[in-house]
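K.L.:
The lines below spell out each chain.
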Amino acid sequence: MRTPPGVSPEDYARALTEFAGAVGPEWVFTSDADLDLYRDAYSPFMNEPEERIASGAVAPSSTEQVQQIVRTANRYRIPLYAISTGKNLGYGGSAPAYSGSVVLDLKRMNRIIEVNEANAFALVEPGVSYFDLYRYIQEHKLKVWIDCPDPGWGSVIGNALDRGGGYTTANYRNHFDSHCGMEVVLPNGELLRTGMGGIPNAQTWQQYKSGCGPWIDGIFSQSNYGVVTKMGFWLMPQPEAYLRCTVSVPRYQDLMPLVETLNFVENSRITSGFPDLESPLLRAPPVGQVQLWNETGPPQMSAEHQRLFKAAELGYSRELEAFGVRSAIPYWKLWLSFHGPAEVVAAQWRAAQRHFARIAGAKFAIVDDVKLPLDPAQVTHYHEPEFGIPSLRVFSIGARTPWNPTPSKGHMWFSPIIPRTGEAIIEANRVFSAAARELKMPLFATFTLPACFWERSFIFILATPVTEDPATNKLYREGFKKLIEVGGQHGWGEYRTAPVFQQTVMDVYSFNNQVLQRFHATLKDAIDPNGILSAGRYAIWPKHLRGKSS
Amino acid sequence: MDTGKETNARFLSRRDVVEGLLLGVGGVILVPGGVAAADATAWDFRPGRQLVVVDTRFEVGRKFAAAAAGSGWIAREFSGDVTPLWHDLLDSTWHQHAMIHGLTTADSYFCLQQLVADRFWRTTSLAPEGELVRWAMSPAVAVA
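Going line by line, the protein sequences match chains A and B. Residues in the first sequence are numbered consecutively from 4, following my numbering. Residues in the second sequence are numbered consecutively from 3, following my numbering.
To be clear, the hints were calculated from the coordinates, so they are not data collected in a lab. Virtual Cβ for every residue (Gly too), placed ideally from N, Cα, C. Take the hints with a grain of salt, since some may be wrong.
Unchecked claim - Beyond 12 Å from chain A on every Cβ pair, some chain B residues (computed): (1) Glu61; (2) Arg64; (3) Ala69; (4) Gly72; (5) Trp75; (6) Ile76; (7) Arg78; (8) Glu79; (9) Pro86; (10) His89; (11) Gln98; (12) Ala100; (13) Arg121; (14) Trp123; (15) Ala129; (16) Pro141.
As the list claims (entries may be wrong) - So the derived list for chain A, only partly shown, Cβ under 10 Å to chain B, looks like this: (17) Phe32; (18) Ala36; (19) Leu40; (20) Leu92; (21) Ser97; (22) Ser132.
Sequences and hints are given; from them, build the entire structure.
P.N.:
Put into structure tokens, the structure is as follows:
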């Protein structure tokens, strides 16, 4: 049996006994076989000594049990690492940031406490997955949509706390932004409710976010200041119709007005569905079709197209552009989607076309005009998450296919946020492709398009492979850190990352002599003086480990 | 408004099912590969109400399903994407079984293994079988 670092075997044994008393002995795990469930399946340290491994795990089924566990951990200084369902693949899985921690596994806390159709919100516990919530809504025939990521097996709370995103409309895609109200077990075992939940018998906990006074919800995301045991989310009323359209433009420089106009029509709520950028000429797929391309193969290129494509620099050459115009292959294609009453989405599409028509040569097409809800038999014709339907088809992206004969063993997501401009897309490609080439990293090898999860920024989400070869993994880990630093030098930062990179990422947020990290440390010392909760998460270390661990 | 209901996820304690296990002790049992891919007689279908899931895109999967069903096992078929298999079947019925067996691609195995981990199940045997993998999963069992 492993023992957490800095804890005597005797104290650990006492703590385990108390944990067992709180949750029942069958929900305390210490064997290697059981703890394997908490290894990061995509660990960049796969099978190396530095892999983050848990010493134990304890799985409570109620908030009261979480409070008991936290109090015991304080008594014996046991480092805990809270997870909900612990997926988070590519960002660390369920492995602790501080190796040797005891995983506080919340997946048995799986109650859907309320789904309110009339005001479109839900209140759930951390073990509720998108599949669970979707199933509940379907079984109860409630006319609300969830917004789920790819894949849909994760925890609704866990994904929001890690600031994940989805694919429906702008006000629901940002999962942390769409939450309303939290219940949190503080490191001392006290129970806190945020927002209107601060009022006993609150009537509007899931209906008004901020309550009165400082709004503290943000400090419980990507952090280690508390264990979130309930969280409210706003849901989307089921729309009547869905319209999916494309705007195609012919020239390289059209990227700039295309993005500028997208920003206007999205920020004006003329369109609000997930916008998706594609380059047919550069064979860069839209996010929503990556899995389809992997299943059926990418569109074929003619020999001439292939030659011009390979010769282009930063995705451009005059010859390639002329070829595209001549062959009616758009340089850029923007996918827009609209949700609402049929007459409203039709009007929105007309208004959007009016704005995009300022780009010479812009062409418009309707791809899908669908009455909702979808016929279940039709669901797999679409990218399910764009209809609020959880799915695992995204795993076809990493699957072995004729077009992907040697899939990797996993990946770590490189995901910097950049400005939402065409110029930034080109500049980021210039900077990252040069750095990746020098570092021998398999990223930005061809012109890469960002995703539009967030309304006012772009995000690149690029999979850096994890292999079974430690030397290759080491090369990629070091390269990954360099790319983070290169991004930082240009004012770009990651939105989320695996524990092994969290210190490097947070070091990029260095304004005013790292005041942000120092503030985080001040909070940590005040809220969790014994440093028992999720040590090291996003580089927030308790005082006794600060500067000693990474 | 609809309040106070629980999800379908029901957690068995590890002790609930120990007696039903066939391969329940210790870590993952790595079964040597090389079983003739299409030779269903080489598979050991022990008696009992076992659940087996197979990817029927592959001939060996279809044969495996037929052989399992012939032995009284409950065979559930899917075609590549495990989403409907999980959502429509396994997630609501898995707790009726002491063990789930499968003959799937490695990618589908990975997804199912991650999903059953949410119910505190884990892999108890795993073996390559041609281009597929044959596996069994059961509730986590304490290993003292």
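K.L.:
Are the hints correct? Go through all of them and say.
P.N.:
Against the structure, the hints:
For Glu61 of chain B, the shortest C-beta to C-beta distance to chain A comes to about 17 Å, beyond the 12 Å cut-off, and the non-interface label holds. Distance to chain A confirms Arg64 of chain B as a non-interface residue, since its nearest Cβ pair spans about 20 Å, more than 12 Å. For Ala69 of chain B, the non-interface assignment is confirmed: its Cβ lies about 25 Å from the closest Cβ of chain A, beyond the 12 Å cut-off. Non-interface call for Gly72 of chain B relative to chain A: holds, since the shortest CB-CB distance, roughly 30 Å, exceeds 12 Å.
The beta carbon of Trp75 of chain B is kept farther than 12 Å from every beta carbon of chain A, the shortest such distance being approximately 24 Å. Ile76 of chain B, annotated as away from the interface, keeps every beta carbon of chain A farther than 12 Å; the closest lies near 21 Å. Against the 12 Å criterion, Arg78 of chain B stays outside the reach of chain A, whose nearest CB is about 16 Å from its own CB. Once the 12 Å rule is applied to beta carbons, Glu79 of chain B is consistent with being away from chain A; the minimum gap is 16 Å.
Not every C-beta of chain A lies more than 12 Å from that of Pro86 of chain B, the closest at about 8 Å, which undercuts listing it as non-interface. The Cβ of His89 of chain B sits about 6 Å from the closest Cβ of chain A, inside the 12 Å cut-off, so the non-interface label is violated. A cut-off of 12 Å between C-beta atoms confirms that Gln98 of chain B is not in contact with chain A; the least separation is 17 Å. Once the 12 Å rule is applied to beta carbons, Ala100 of chain B is consistent with being away from chain A; the minimum gap is 16 Å.
Against chain A, the non-interface label of Arg121 of chain B is violated: not every CB pair exceeds 12 Å, the least being about 8 Å. Once the 12 Å rule is applied to beta carbons, Trp123 of chain B is inconsistent with being away from chain A; the minimum gap is 9 Å. Every CB of chain A lies more than 12 Å from the CB of Ala129 of chain B, the least distance being 17 Å, so the non-interface label holds. The claim that Pro141 of chain B lies off the interface is violated: its Cβ sits roughly 10 Å from the closest Cβ of chain A, which falls inside the 12 Å cut-off.
Interface restraint check: Phe32 of chain A against chain B, minimum CB-CB distance 7 Å, threshold 10 Å, status holds. The interface hint given for Ala36 of chain A is met, as the beta carbon of that residue sits about 4 Å from the closest beta carbon of chain B, less than 10 Å. For Leu40 of chain A, the interface hint holds, since its Cβ comes within 10 Å of a Cβ in chain B; the closest pair sits about 5 Å apart. Checking Leu92 of chain A against chain B: minimum C-beta separation of about 8 Å stays under 10 Å; hint holds.
The restraint placing Ser97 of chain A at the interface with chain B holds, with a minimum CB-CB distance near 9 Å, inside the 10 Å limit. The interface hint given for Ser132 of chain A holds, since its Cβ lies 7 Å from the closest Cβ of chain B, which is under the 10 Å cut-off.
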